[in-house]
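Q: Let's have the full structure, built from the sequences with the hints guiding it.
For the record, the sequence lines run as chains L and X.
When the letters of the first sequence are read in order and numbered with the numbering used here, they come out as residues 610 to 781.
When the letters of the second sequence are read in order and numbered with the numbering used here, they come out as residues 28 to 291.
Think of the hints as simulated: they come from the structure by calculation, not from any bench.
All clues given are correct.
Short derived list, chain L residues pointing at chain X, Cβ under 10 angstroms:
#, residue
1, L625
2, S630
3, L661
4, L669
5, Y674
6, Q698
All C-beta atoms, glycine included, are put in the ideal place defined by N, C-alpha and C.
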Amino acid sequence: MRYRWPAFFIFLTLILAFQISFLANFKISANFNLVLVILVLFVFLADFKKSLAVSLWSGLIFDLYSPLPFGIFLFSFAASFIILEFLLQNFFTNRSFYSLIFLGLFGAAVYHLIFLIASGLIYLIGGSEFLPTASYWYLFLGQIVTTVFLLAICYSLIDKISKRFKPMFLGR
Amino acid sequence: MNIFLKRIIIVLVIIALIVATHYLGWLKPAENLLVKSLSFFQEKTHAASRSLKSFKEGWLIKRDLLKENGDLKDQLKNYQLDQSKLKSLAEENLLLKKELKFTESSGYKFISAKIITGVSDPLSQSVVINRGKKDGVVAGLAVVAEQGILVGKVFEAEDGYAKVTLLTDNKSKVAATVQNLTQTIGLVEGQFGLGLQMTNIPQNEDVKEGDLIVTSGLEGQIPKNLLIARVENVRQVKSEIFKTAILSLIISLNNLSDVLVIIP
Chain L
610 MRYRWPAFFI FLTLILAFQI SFLANFKISA NFNLVLVILV LFVFLADFKK
660 SLAVSLWSGL IFDLYSPLPF GIFLFSFAAS FIILEFLLQN FFTNRSFYSL
710 IFLGLFGAAV YHLIFLIASG LIYLIGGSEF LPTASYWYLF LGQIVTTVFL
760 LAICYSLIDK ISKRFKPMFL GR
Chain X
28 MNIFLKRIII VLVIIALIVA THYLGWLKPA ENLLVKSLSF FQEKTHAASR
78 SLKSFKEGWL IKRDLLKENG DLKDQLKNYQ LDQSKLKSLA EENLLLKKEL
128 KFTESSGYKF ISAKIITGVS DPLSQSVVIN RGKKDGVVAG LAVVAEQGIL
178 VGKVFEAEDG YAKVTLLTDN KSKVAATVQN LTQTIGLVEG QFGLGLQMTN
228 IPQNEDVKEG DLIVTSGLEG QIPKNLLIAR VENVRQVKSE IFKTAILSLI
278 ISLNNLSDVL VIIP
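A: Below, the structure written as structure tokens:
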């Protein structure tokens with residue numbers, strides 16, 4: 610159990626690398642944002658510190674390989690995490706299938722909106738050349754759909770092997 | 028202070044710290060180490076994505092090529108059909124030109140006819156033409172092809188069509204002359220569809236290979252000097268009164284399509 614958390618971070622890092630160097634290369638697979646799925650699952654299942662660590666680590670790695678100014682992904686992931694946490698604390702308080710689905714839906718939408726706002730602001734002050742094109746909007750919609758789809762699969766799998774999704778109120 | 032607000036402030040501070048340390052360059056060693064340690068895995072996954080991409084492109088190219096190949100094959104088929112039609116039209120055109128030239132120069136009266144079909148008797152070398160009594164065709168008239176080469180005789184005429192015996196039919200007999208110095212006369216007979224021979228040639232006549240055989244004009248309805256065949260060789264038996272010349276046809280009678288009937 611001591612090595613569980615470092616092992617998970619290595620696994621997360623490999624997932625991030627896979628997302629950057631493999632999935633992002635294809636039009637279809639770019640719609641699968643595995644990191645977003647993991648983040649939503651963490652917000653849903655883990656505590657604040659662990660979820661925050663996942664969001665910051667994901668943002669950091671994405672920023673390392675991004676042509677955009679450093680910090681955009683870091684901010685986007687962290688801000689999405691905060692909003693998801695807020696939604697979970699105040700609205701989706703039970704661990705139902707629908708909660709997870711709505712959280713995924715909001716998570717993907719919020720992440721992209723924050724990313725667009727952040728990169729737009731940086732663009733306005735002349736810090737980057739990023740402007741969303743038509744393909745970005747397709748990616749935006751695609752990632753919302755695939756995130757929800759992957760979360761539904763994850764929910765079914767976790768529900769079969771664990772009792773974590775059984776009805777209960779969060780006692781945070 | 029609200030715990031949630033506190034958390035937001037903590038997160039923002041952490042982000043600001045990370046960004047600041049990045050731009051100050053303090054994070055560089057850690058970033059380099061991270062990138063370096065991930066490079067092996069990323070190299071492999073990127074290579075895999077590249078090969079997958081090239082496979083996909085190759086597959087797309089192959090699919091396009093197969094489609095193009097199919098289209099080109101269809102086009103080729105159409106062109107072949109067009110070419111075949113064109114060839115047959117060109118042949119027909121050439122034939123008609125030759126016939127026209129012959130009809131203009133010979134001064135005969137002709138009826139142009141198309142061969143409709145062969146006859147039902149497989150042993151007979153005969154054809155049916157699309158002209159008959161209504162057009163002035165009667166039995167015994169000469170039927171020629173191309174530049175006036177005799178191909179047969181009308182043996183039966185009906186109102187709208189007529190039957191023509193080709194020269195190679197064993198019933199076919201035409202009075203002929205060899206185009207030599209002595210204008211040797213004889214009888215050209217069919218050989219059961221296999222060829223022609225000229226019989227009744229007197230032994231003393233000088234007939235040699237390559238001589239042309241034309242109609243003699245002794246038959247009332249067949250004009251004189253219509254080309255029939257060429258002498259291939261001469262069969263001579265000294266004890267017999269006549270000798271026989273084996274003839275070769277000038278044109279093949281197997282694929283005739285348009286003919287002319289000569290009206291005397």
